[in-house]
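Enquirer: Chains as they are written, first to last, in my numbering: chain U, 1 to 667; chain X, 668 to 923; chain F, 924 to 1134.
Hints may contain errors.
Chain X stretches covered by chain F per the calculated footprint, using a threshold of three residues with CB under 8 Å from any CB of chain F [unchecked claim]:
1. 701–709
2. 750–762
3. 774–786
4. 808–822
5. 890–896
With a straight-line cut-off of 25 Å between C-alpha atoms, the simulated BS3-like cross-links for lysine-lysine are [stated by the list, open to error]:
6. X:Lys718 to U:Lys397
7. U:Lys518 to X:Lys718
8. U:Lys518 to U:Lys254
9. U:Lys181 to X:Lys718
10. U:Lys201 to U:Lys32
11. U:Lys201 to U:Lys397
12. X:Lys921 to U:Lys183
13. X:Lys681 to F:Lys1008
14. X:Lys762 to U:Lys412
15. X:Lys879 to F:Lys1102
16. U:Lys253 to U:Lys651
17. X:Lys676 to F:Lys1008
18. U:Lys375 to X:Lys818
19. X:Lys695 to U:Lys533
20. U:Lys181 to X:Lys868
21. U:Lys309 to U:Lys298
22. U:Lys662 to U:Lys651
23. U:Lys553 to U:Lys626
24. U:Lys518 to U:Lys533
25. U:Lys397 to F:Lys1102
26. F:Lys1102 to X:Lys841
Here are the in silico distance ranges between beta carbons for each label pair [stated by the list, open to error]:
27. U:Tyr95 to X:Asp919: 30 to 40 Å
28. X:Ile814 to U:Glu497: 15 to 25 Å
29. F:His1011 to U:Asp557: 45 to 55 Å
For the record, the hints were derived by calculation from the structure and aren't laboratory data. Where is the CB? At the ideal position from N, CA and C, for every residue including glycine.
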Amino acid sequence: MSKLDSKIPTGPIKDKWTKHKNDINVVNPANKRLIDIIVIGTGLAGGSAAASLAELGYNVKAFCYQDSPRRAHSIAAQGGINASKNYQNDNDSDYRLFYDTVKGGDYRSREANVYRLAEVSGNIIDQCVAQGVPFARDYGGLLDNRSFGGVLVSRTFYAKGQTGQQLLLGAYSAMNRQIAKGKITMYNRHEMLELVVVDGKARGIIARNLVTGEIERHSAHAVVIGSGGYGNVFYLSTNAMGSNATAAWKIHKKGAYFANPCYTQIHPTCIPRSGEHQSKLTLMSESLRNDGRIWVPKKLEDAEAIRAKKKKPTDIPEEDRDYYLERRYPAFGNLVPRDVASRAAKERCDAGYGVNATGEAVYLDFASAIERYGKEKAHVLGMHNPSKEKITELGEKVIEEKYGNLFQMYEKIVDENPYKTPMMIYPAVHYTMGGIWVDYNLMTTIPGCYCIGEANFSDHGANRLGASALMQGLADGYFVLPYTIGDYLANEIRTGEIPTDTPEFDEAEKSVRDRLEKLLSIKGTKSVDHFHKRLGKVMWNYVGMARNADGLKKAMDEIKKIREEFWSDLYVPGELNAMNTELEKAGRVADFLELGEFFAVDALNRNESCGGHFREEYQTEEGEAKRDDENYAYVAAWEWTGDPRTPILHKEELTFHDIELKQRSYK
Amino acid sequence: MSNMNLTLKIWRQKDAQSKGVMETYEVKDISPDSSFLEMLDVLNENLVSQKQEPIAFDHDCREGICGTCSLYISGRAHGPMRGVTTCQLHMRSFKDGDTIYIEPWRSKAMPVIKDLIVDRSAFDRIQQAGGFISVNTSGNTQDANGIPIPKGDADKAFDAAACIGCGACVATCKNGSAMLFVSAKVSQFALLPQGRVEAAKRVLNMVHQMDKEGFGNCTNTGACEVECPKGISLENIARMNREYLSAKVVSDEKIG
Amino acid sequence: MSYSSIGRKVVMGLTGLFLITFITIHLLINSFSLVGPELFNAGSKFMGTNPVIQTMQYVLALGFIIHIIMGIRLTIQNNAARPIKYVHNDPSANSTFSSRYMIFTGVLVLLFLILHLKDFFVPIKFEHGTFGEDYDLLVRVFSNPLYVFIYVVAFVGLSIHLHHGFQSAFQSLGWNHPKYTPFVKKLGLVFCYVVGIGFSSIALFHYFNSL
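For reference, chain U alone in the conformation it holds in the complex (with noise of 0.2 Å):
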């Protein structure tokens, strides 16, 4: 029997949130100051949330890994973010951000929540620049757009190459000003280890103190999940090292539905792998598709030669070249969806094309883009017949102005000049669409508990487009989840401070000491880190870009064999009592452990191919992802059984009455 309400208000898509806004309690102001929240994670989601629940009034407690709030992996995030301002009259408006959200999603996603995530999109901008968030800005003063993949607009708002950066010091400083108010209660180097969870309600979590290793326990009246994506199941990806799951993971396991596991967000722009000793993988905006253009070589000889060193890009005549998005896109070019443009770029080099020692890149080249430019900064200057070199040298300047800090990482990291000769890409694991299952207020399965941001599941269906994270983020902390957490607080006003010192908290407490120090007792020979790259490569090979039941079905031993074998063989050094770097990371692979198998069921029962979830079974004569509307138009929410092998399928079936269901074409 499904539990499962979405509590998708009634009536028409654009009155929903209004209606639901009106409908829902409130908590008075006197009462907010009784009531305790916790909040894991201090990126956008958690960041703001924090910040906007401490203005309200309620208690906070806000929880990072980090030794301080500001380094989040939000702050990574590049390119930018949306909203649906239309400043620049291109005919942009909610609809269309919804439209194109839903679109870009492969109809994965709850139109509901979509369209409220639309609706909120400029709120974020007004409230950003209002907090000093340095936006890119034109001569007249006014905020500067850019256009991002899978969308006919510029909606895109951003600050060079780190928008993240931006917008996540933005909801920092929003933050300090309430921990100096003191209604913020900040928890640095401190990591969540269990839900509490008091007659069937969210009461508190355990935590472990990263520098003392001391265990702690913490209650309060709600808890707040806004941990990240679980992109390190696969080892290498473009999150931070210490991107983890363990927080998602312990309340799915408490009895929060998981949602959507397979939907993974594979970036067509990163820099190729190097080589074994390679700990992580760093991504190239996609804002580099509004300038770069992606080719192999037309001829296989001219890739050998490529990769043999023999031949340099520029030195494949244009004719010669293989701009294969444009070739097989005209109308999106360069700017079709991720999803797209990475399983197009795996099918070049699996094909044969690929230009590095690997045969797994293809280049980004800026060339075209450099003489444009610099033929118009030229025609501005009032220069007649500019020399080749003064229009290079032009063109040059203007990108810089725009990509420069993107350029600079990649010649520090590949040692290659990218104004020079083109960049080197290869599509990475980014970002995780799958996550906890909530409802419209943002709640799990789980009283009390909510879930907001990458952590969740709810807004990009199966593959998300551009600039939409940072949106989802900010939108569900600083606009949605203030809002509707108040409906579930507003019965608790008379609840009183929830008390430690029960027996939920002594069991909870119990089980994250008994795992530690059994961690630590197993004292076998390898470490944390093997098994996380073990892992790492089963799920890149039979769980990435390309799927298939065969593959998935022997992944899924594999993991499990890894698994077992980690808890024989795992040599953990340290003590549990102080900090322990190696302790932290093998609580987490143990996660991705279960985690990593658990995705492969989800995998393996979703028969179509949609987003970020490609099966090779289900594809068009074209290699297209071909989805099954009538049988998987469906949002799989996962139930804990004890084994991640079987764990219980819940659907949420989802109904499009704003948007006609047809294939995603961008051709």
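Once you have looked at the hints, place chains X and F on chain U.
Expert: Structure of chains X and F alone, referenced to chain U:
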């Protein structure tokens, strides 16, 4: 370039209370294409396989933006290259046979927690003292284009806001001064009309907190600007001096 | 204000600029001695009798004292800000020699100042006339090679001190502007050479004249 063997001299310190000491380690067969932290990963992997405790160092995003990584490498904050964080430093900057010194940031205001990890919470407290604009979250703030901001000012504010709070400025300053960090935040807000409203109060409070934390005095050596991985300019310090003077002399704002 | 770190900077900068003005005037008067005894003696007399200058003398003394005490206090505080030093440090990679050794060049100048006061200021102020005109005193003192050597070393020290100090004072006072700061930096460079070479060459001129 072929793989290299290196000698590492690394600061080991059990915890904040213990005394630390430099220890010597050897690493072999390091690829010049690997990053500095990946080289340390290799060392740690070796240490774990010998059942020893790995070296604790701060790191997270490994793409130069989160500001978590630190390390004073052979006498330089974030190592020999300019404009990079330690995680962006690659081993191609070193030669086979090199001896590399790796030490934590040294500052009274940033004490060592373990090995190479220091406590940078002083930076958080300085920000809490006033590094914000006092505006509540609201869906009804004025339209984002309501106040045009000259592009030059917006760009300068951005350049100041690019600070990642890593602490290299403090680590590298011979006086252990935090002026570059504080001035970056003061400047970001002072340059924007939204931030002007409480500019005087902000600069007084942030400077007061900075002094309370035990950072040294700025003597304009400019080392911070050179070593800053984000190229935060000394102009920001001059701006903060101006802001502070005018707050102190002209405005009637007080600390607190 | 002197209790905040920026206040201390400002005090150092202001007193520094004030001392720079003094040095400029001092150099000007000294250079009169290259022209001849009449001009120098006239200049010296003007400095010794003009009531404004006489009043400023006390302000100058105060400026010196504040600059010195604040400099020493800053150094002690800055040392305390890093109780454990780096085992391996490479400051030359990111800062100038002059900026790192302000306290050393400062103390050098201070020691010289004491000697200088004893040899020139005290005789001129309190023993006026016992050695003839001021010019005669100058010629006599500069005929001593040891004194000239110390004098030149001290002015190399002052020159290094000013190499950083001049532009640093502007930065401390917040007088930084993309249009003018490059000029200030150049001016500072010119100034430190003029002071160093100017004072030293006057001493050397008189020394070689006395041979």
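Enquirer: Now tell me if each hint is right for this structure.
Expert: Now for the hints, and whether the structure bears them out:
Coverage of the segment 701–709 of chain X by chain F is violated [criterion: at least 3 residues with CB-CB distance below 8 Å; count 0]. Evaluation of the coverage hint for the segment 750–762 of chain X: breached, as 0 residues show C-beta separations to chain F shorter than 8 Å, against a requirement of three. Check on the segment 774–786 of chain X: 3 of its residues sit with their Cβ under 8 Å from a Cβ of chain F, so the three-residue criterion for coverage holds. Coverage of the segment 808–822 of chain X by chain F is violated in this model, with 0 residues showing a Cβ closer than 8 Å to a Cβ of that chain against a need of three.
A count of 3 residues in the segment 890–896 of chain X with a Cβ less than 8 Å from any Cβ of chain F is obtained; the coverage claim is therefore met, three being the minimum. A hinted pair counts as satisfied when its Cα atoms are at most 25 Å apart, and Lys718 (chain X) with Lys397 (chain U) does not qualify at roughly 53 Å. At most 25 Å may separate the alpha-carbon atoms for a hinted pair to count; Lys518 (chain U) and Lys718 (chain X) meet this at roughly 17 Å. Taking the CA atoms of Lys518 (chain U) and Lys254 (chain U), the gap is near 20 Å; set against the 25 Å cutoff, the hint holds.
For a cut-off of 25 Å, the pair hint linking Lys181 (chain U) to Lys718 (chain X) is broken: about 46 Å separates their Cα positions. At most 25 Å may separate the alpha-carbon atoms for a hinted pair to count; Lys201 (chain U) and Lys32 (chain U) meet this at roughly 19 Å. For the suggested pair Lys201 (chain U) and Lys397 (chain U), the alpha carbons sit about 58 Å apart, so the restraint of at most 25 Å is broken. Restraint check for Lys921 (chain X) and Lys183 (chain U): satisfied, since their Cα atoms lie roughly 23 Å apart, inside the 25 Å limit.
Restraint check: the Cα-Cα separation between Lys681 (chain X) and Lys1008 (chain F) comes to about 18 Å, which is no more than 25 Å; the hinted pair holds. Pair hint Lys762 (chain X) plus Lys412 (chain U) holds up; C-alpha atoms about 17 Å apart against a cutoff of 25 Å. Between the alpha carbons of Lys879 (chain X) and Lys1102 (chain F) the distance comes to roughly 35 Å, so the proposed pair goes past 25 Å and is violated. About 18 Å separates the Cα atoms of Lys253 (chain U) and Lys651 (chain U), which keeps this hinted pair within 25 Å; it holds.
For the hint pairing Lys676 (chain X) with Lys1008 (chain F), the CA-to-CA distance comes to about 15 Å; that is within 25 Å, so the pair holds. The straight-line distance between the Cα atoms of Lys375 (chain U) and Lys818 (chain X) is roughly 23 Å, inside the 25 Å bound, and the hint therefore holds. About 21 Å separates the Cα atoms of Lys695 (chain X) and Lys533 (chain U), which keeps this hinted pair within 25 Å; it holds. Restraint check for Lys181 (chain U) and Lys868 (chain X): the C-alpha separation of about 16 Å stays at or below 25 Å, so the hint holds.
Note on Lys309 (chain U) and Lys298 (chain U): the hinted pairing holds, with a Cα-Cα distance of about 17 Å set against a maximum of 25 Å. As the CA atoms of Lys662 (chain U) and Lys651 (chain U) are separated by approximately 21 Å, the hinted pair is consistent with the 25 Å bound. For the suggested pair Lys553 (chain U) and Lys626 (chain U), the alpha carbons sit about 21 Å apart, so the restraint of at most 25 Å is met. With a C-alpha separation of about 22 Å, the suggested pair Lys518 (chain U) and Lys533 (chain U) falls inside the 25 Å cut-off, and the hint holds.
This hinted pair checks out: Lys397 (chain U) and Lys1102 (chain F) have alpha carbons roughly 22 Å apart, not beyond 25 Å. Pair hint Lys1102 (chain F) plus Lys841 (chain X) does not hold up; C-alpha atoms about 29 Å apart against a cutoff of 25 Å. Between Tyr95 (chain U) and Asp919 (chain X) the Cβ separation comes to about 51 Å, which falls outside the hinted range of 30 to 40 Å. Evaluation of the 15 to 25 Å hint for Ile814 (chain X) and Glu497 (chain U) yields a failure: the beta carbon distance comes to about 43 Å.
One distance hint, 45 to 55 Å for the beta-carbon pair His1011 (chain F) and Asp557 (chain U), holds here, with the actual separation near 51 Å.
The structure shown violates the earlier hints numbered 1, 2, 4, 6, 9, 11, 15, 26, 27, 28.
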